[in-house]
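Could you build all of it, start to finish, from the sequences and the hints given here?
One-letter residues, chain by chain:
2 protein chains.
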Amino acid sequence: MSPKVKSEPGNVSPRERILGVAVEMARQIGLEGLSIGVLAKEVGMSKAGLFAHFGSKEELQLATLEAAQSVFMQRVIIPAEKTERGLPRLHQVITDWIAMAESACDKGGCFFYSVSAEFDGRPGAIRDRLVLASKQWLDWIQRQIALAKERGHLIAETDPEQLTFEIHAYEQQANWAALLVGQKDAYARAREAVRSRFYALATEQGKAILDAR
Amino acid sequence: MSPKVKSEPGNVSPRERILGVAVEMARQIGLEGLSIGVLAKEVGMSKAGLFAHFGSKEELQLATLEAAQSVFMQRVIIPAEKTERGLPRLHQVITDWIAMAESACDKGGCFFYSVSAEFDGRPGAIRDRLVLASKQWLDWIQRQIALAKERGHLIAETDPEQLTFEIHAYEQQANWAALLVGQKDAYARAREAVRSRFYALATEQGKAILDAR
DNA sequence: CCTACCGATCGGTAGG
DNA sequence: CCTACCGATCGGTAGG
Chain A
9 MSPKVKSEPG
19 NVSPRERILG
29 VAVEMARQIG
39 LEGLSIGVLA
49 KEVGMSKAGL
59 FAHFGSKEEL
69 QLATLEAAQS
79 VFMQRVIIPA
89 EKTERGLPRL
99 HQVITDWIAM
109 AESACDKGGC
119 FFYSVSAEFD
129 GRPGAIRDRL
139 VLASKQWLDW
149 IQRQIALAKE
159 RGHLIAETDP
169 EQLTFEIHAY
179 EQQANWAALL
189 VGQKDAYARA
199 REAVRSRFYA
209 LATEQGKAIL
219 DAR
Chain B
9 MSPKVKSEPG
19 NVSPRERILG
29 VAVEMARQIG
39 LEGLSIGVLA
49 KEVGMSKAGL
59 FAHFGSKEEL
69 QLATLEAAQS
79 VFMQRVIIPA
89 EKTERGLPRL
99 HQVITDWIAM
109 AESACDKGGC
119 FFYSVSAEFD
129 GRPGAIRDRL
139 VLASKQWLDW
149 IQRQIALAKE
159 RGHLIAETDP
169 EQLTFEIHAY
179 EQQANWAALL
189 VGQKDAYARA
199 REAVRSRFYA
209 LATEQGKAIL
219 DAR
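Protein sequence lines correspond, in order, to chains A and B. Residues in the first sequence are numbered from 9 upward in steps of one, following the numbering used here. Residues in the second sequence are numbered from 9 upward in steps of one, following the numbering used here.
Hints in this document: simulated from the structure, not taken from any laboratory. One thing to keep in mind: the hints can contain errors.
[To be verified] Quick list of in silico lysine to any residue cross-link-like pairs, SDA-like style, CA-CA up to 20 angstroms:
| hint | chain 1 | residue 1 | chain 2 | residue 2 |
| --- | --- | --- | --- | --- |
| 1 | B | K115 | A | D136 |
| 2 | B | K65 | A | V139 |
| 3 | A | K192 | B | G129 |
| 4 | A | K192 | B | L146 |
| 5 | A | K65 | A | I37 |
| 6 | B | K192 | A | K192 |
| 7 | B | K115 | A | V139 |
| 8 | B | K115 | A | G132 |
[To be verified] Far from chain A, by Cβ distances over 10 angstroms, these chain B residues were calculated:
| hint | residue |
| --- | --- |
| 9 | N19 |
| 10 | E50 |
| 11 | F59 |
| 12 | A60 |
| 13 | F80 |
| 14 | E110 |
| 15 | A154 |
| 16 | E158 |
| 17 | A164 |
| 18 | N183 |
| 19 | E212 |
| 20 | I217 |
Everything numeric in this text was worked out from a predicted model, so none of it was measured. Where a beta carbon is used, it is the ideal one built from N, C-alpha and C, also for glycine.
Spelled out as C-alpha cells, the structure:
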C-alpha cells in the first residue's frame, strides 16, 4: 500500500469497507447471524469476491471483532490517556464510553453488548478473543480505580473490583434498557449512577475533581 | 386437564417436553439459532412431528418464551408474594432472582439474559412479547420500591426508577461476568451491590429488616 | 475480483 | 405422529 493513498480519509481499502459494514450489521443481528451473501450484497460485490478477503466465516468474524475493538480504542481509550491519571482519567473514560454507546443507540447499540450474550455459550476463537478483550477492559478500569485510590482521589475503603463491577453494570443496563425496553433516559440514568457511586467513595480532593467536570 | 395426571411429576405432555428442551437450548444458542431439526433430534422425534405442535418457527419461539416466563413466575414471583410487602418482599424477590440466575450458570445462564440482546434489533412478535415481559418485571420492582418507601422501609429521598435501574444493572452484570469472563464471584458481587444500595437508602426500620435476613 | 457450482441445512408442506 | 419432499439459503470451492 502506498503511503500517500493509505492515510487519506475516504480512501479506504476494500477490506476496511467490508469490515465497516460488517460491524454495522453485527450490531443488529450479531456476528453469527452475519451472512457472507447478505454482507456481500450490502457492500456491492460478489460473495466469492468478498470471501477471498478472509478465507472463512470465522476469520471474517474475527476481523470484524478486531475492527470494533479498534474503533473502541480510538474513541474511548486513546483520548482518555491524554487526561491526568486517577479519577480524572477514570471519569473521562466512563463518560466517553457511555457517550459512544448512546450515539450507537439508533444503529443497533454497542457492538460488544450485542455480541456478548451471543458468544458466552459458543466455544471457539471468537469467544476467546471476546473474553480476552472484556477482561482487558475490566482490568483497565480496575487499575485506574486503584490508581485513583493511591492518589487520594478515592477513599481507602474503596474496593476496586466491586466498584468496577458496579460501573460496568450501569453500562450494561443502559444498553439493555435503551435497546430493548426503549427507556429514553437510560444513558442519563447510567451517568447518574456512576457519578453517585464515585461521589460516595471520593475524598475531598476527589469531590473537587468531580465537581469541576 | 384431570388433576390426578396434571400434577404428577414426570408425566408431562409432549409439548411440555419439547418446550423444556427448547428453553435449555435457547439458553446456549439463543431463540433464533434454535433449529427445528436439531431440536427434534434432541427430543427424539421427527422434524415434522415436532413442527405440527406449533405450525411455524415463530410460534415455537413464542411458546418457548412463554415457558421460560412461567418458570420465572413459579420460582421468583409467586414465592415472593407470600412474603410481607415492601422491603421484605423486595429483598426476597431479588435474592431468588439472583439465585435462579446463578443456578442456571452452568446450563448457559438466565434465559432472558441470553435472548435480550438477540432480539433488541429484530422487530416482530417475539421482540414485542419480550419487551412486554421486561417492562412488567421492571414495573414490579419499581412498584415494590415505591411501596417500601410508603411503608417507611426506605427513606423519602429514594428514587424508585433510579434504584430499579441500578438493581437490574447488577443482575445483568452478574450474568455477563459469570458467563462471558468466568468471574466466579459475580453473583456474590451482585448480592453485595444490591444489599449496599438497599442499606444506603434504608430507614432504621428498613435496616432492621435487612439485618434480620 | 467474477460466474457457476457443491453438499448441507434451513423452515415448511404433502400425504398418510 | 411418520417419510419424503419443496425451494431457498448457508459456508465454501473450482476455475478463470
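Here is what the structure says about each hint:
1. K115/B x D136/A: Status holds; Cα separation ~19 angstroms.
2. K65/B x V139/A: violated (32 angstroms)
3. K192/A x G129/B: At roughly 16 angstroms apart (the allowed maximum being 20 angstroms), G129/B and K192/A satisfy the hint.
4. K192/A x L146/B: holds (15 angstroms)
5. K65/A x I37/A: Status holds; Cα separation ~15 angstroms.
6. K192/B x K192/A: Outside the cut-off at roughly 33 angstroms; violated.
7. K115/B x V139/A: holds (18 angstroms)
8. K115/B x G132/A: holds (17 angstroms)
9. N19: holds (30 angstroms)
10. E50: Since the minimum Cβ distance to chain A is about 15 angstroms, E50/B lies beyond 10 angstroms and the statement holds.
11. F59: Check passes; 22 angstroms lies beyond 10 angstroms.
12. A60: At about 27 angstroms from chain A, A60/B clears the 10 angstroms cut-off, so the statement holds.
13. F80: holds (16 angstroms)
14. E110: holds (15 angstroms)
15. A154: holds (17 angstroms)
16. E158: Holds: least Cβ distance 22 angstroms, greater than 10 angstroms.
17. A164: holds (17 angstroms)
18. N183: Per Cβ check, N183/B is inside 10 angstroms of chain A; nearest 8 angstroms; violated.
19. E212: Per Cβ check, E212/B is outside 10 angstroms of chain A; nearest 20 angstroms; holds.
20. I217: Correct as stated: the minimum Cβ-Cβ distance to chain A is 22 angstroms, above 10 angstroms.
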